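Engineer: The opening residue of the sequence shown carries number 24 in my numbering; numbering runs sequentially from there.
Treat the hints as calculated values from the structure; they're not laboratory data.
Small disclaimer: the values here were computed from a predicted structure and weren't measured.
A portion of the hints provided could be inaccurate.
In the SDA-like style, the derived pairs of lysine to any residue whose C-alpha atoms are separated by at most 25 Å in a straight line are [what the hints assert, rightly or not]:
(1) LYS136 x ARG87
(2) LYS232 x THR196
(3) LYS136 x LEU151
(4) LYS186 x ASP153
(5) LYS136 x SER216
(6) LYS135 x ARG217
(7) LYS253 x GLY290
(8) LYS253 x GLY215
(9) LYS253 x ARG280
(10) LYS251 x ARG87
(11) LYS251 x THR287
(12) LYS253 x PRO97
(13) LYS364 x THR287
(14) LYS135 x THR287
(15) LYS367 x ARG280
(16) LYS238 x THR287
(17) LYS367 x THR337
(18) LYS310 x HIS249
(19) LYS135 x SER99
Pairwise CB distance ranges, derived in the manner of DEER restraints [said to hold, decoys possible]:
(20) GLU213 x VAL383: 57 to 67 Å
(21) THR156 x ARG217: 25 to 35 Å
(22) MET103 x VAL383: 25 to 35 Å
(23) TYR384 x ILE302: 15 to 25 Å
Glycine included, C-beta positions come from ideal geometry on N, C-alpha and C.
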Amino acid sequence: QGGERNSYSSKFISSHFGFSQMPTSSVKDETNDNIKIFTRVLDGLLDGYNRLRPGLGERITQVRTDIYVTSFGPVSDTEMECTIDMSHAAPPLNNLLASKIWTPDTFFHNGKKSIAHNMTTPNQLLWLEDDATLLYTMCLTISAECPVQLEDFPMDAHACPLKFGSSAYPNSTVVYVWTNGTTKSVVVAEDGSRLNQYHLMGQTVGTEKNISTSKGEYTIMTAHFHLKRKIGYFVIQTYLPCIMTVILSQVSFWLNRESFPARTVFGLTTVLTMTTLSISARNSLPKVAYATAMDWFIAVCYAFVFSALIEFATVNYFTKRGWAWDGKKALEAAKIKKKDKIDKMSRIIFPVLFGTFNLVYWATYLNREPVIKGATSPK
């Protein structure tokens, strides 16, 4: 969900309000008088008002903007979008003025869906400052495009952008600037995160390169929301089951090499389990053409499980040959039976290799600072 507060300087309103201390004995009557005075001011405020852009033909209109995010999330990996609810609490001068004066034509460049808050009344507010500056407030729901790179999934981090600017006015007529610089122009409420799979690490603001068209150049204002994925869910749902399946496949090395049914069940069951885990892990991700960190882990686990099945087939083959040669070629049969050493070696080699792989894998991905792709350094 999303919203925005735009403030812009204007000289077309020159109303001045004078206040004086009132006697305490007539507060009620004077309050009524003040209400009448303000009512007259508001009624005459727009008399003769020119609804064209302020400073048309004379100067560039500067639109100062900042964002207060009341709710950020959820973020969809499959749709590659995030939902932002932005609003700014400002007391209104008069709700009706918002529809009668010139307001910036803010356009969200990466917005897939934008909804203006209209319950219970349109959330468009105006606030008139002492220096005749108008603060224009909008409350919006924004579903913004958030491209994600999943090579490091699920130890990945991303920067979801929010891009906006004027849709019709080039830089020669209207310029957007951040009200409070690059540090405080975008604020997220302390309890505004609505993310189950991510940590909201912070936000940065800036501007992108100008877009050149036949009408002139347009500046794009950008706000990046930096996210880091929570790995706990995937450890429970994918990593631990994969590790346990590999360990289970290696139990067959400790069974008698002549226990064909038991070893067959171990081999086939673990292979099918790894296949199921691989398919389910991919269902929650967009269909990307490259392998993620989880894909590599599952692939290696699958290779260990499949290798354990091949090891059983090899031992089984030589065992049957040993039976066939009993009484005929005792010497050769005795040599063949020494193949039970394969099981003994596998009991050591497989766990050591799998443990080494896990050590390298987790050290590589957990100690590496994820690359936040798509982020623009504030200018």
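Engineer: Taken at face value, is the distance from the CA of HIS249 to the CA of LYS310 at most 25 Å?
Structural biologist: holds (23 Å)
Engineer: Taking 25 Å as the top limit, are the C-alpha atoms of LYS251 and ARG87 close enough?
Structural biologist: violated (30 Å)
Engineer: Between LYS253 and GLY215, is the straight-line Cα distance small enough, at 25 Å or below?
Structural biologist: holds (17 Å)
Engineer: Would the hint linking LYS253 and ARG280 be met if the CA-CA limit is 25 Å?
Structural biologist: violated (43 Å)
Engineer: CA of LYS253 to CA of GLY290, is that 25 Å or under?
Structural biologist: violated (33 Å)
Engineer: Is 25 to 35 Å a correct range for the gap between the Cβ atoms of MET103 and VAL383?
Structural biologist: holds (31 Å)
Engineer: Is LYS135 close enough to SER99, meaning Cα to Cα at most 25 Å?
Structural biologist: Between LYS135 and SER99 the Cα gap is close to 13 Å, so the pair holds against 25 Å.
Engineer: Evaluate the given range 15 to 25 Å for the C-beta pair formed by TYR384 and ILE302.
Structural biologist: About 21 Å separates the Cβ atoms of TYR384 and ILE302, which means 15 to 25 Å holds.
Engineer: So the hint says 25 to 35 Å: do the beta-carbon atoms of THR156 and ARG217 match that?
Structural biologist: Once the Cβ atoms are compared, 33 Å apart, the range 25 to 35 Å for ARG217 and THR156 holds.
Engineer: Between GLU213 and VAL383, does the beta-carbon spacing fit 57 to 67 Å?
Structural biologist: violated (39 Å)
Engineer: Holds or violated: are the alpha carbons of LYS364 and THR287 at most 25 Å from each other?
Structural biologist: With Cα atoms ~19 Å apart, LYS364 and THR287 stay inside 25 Å; holds.
Engineer: Is the hinted pair LYS136 and ARG87 satisfied, with a Cα-Cα distance of at most 25 Å?
Structural biologist: holds (24 Å)
Consistency note: the structure conflicts with the earlier hints numbered 3, 4, 7, 9, 10, 11, 14, 16, 20.
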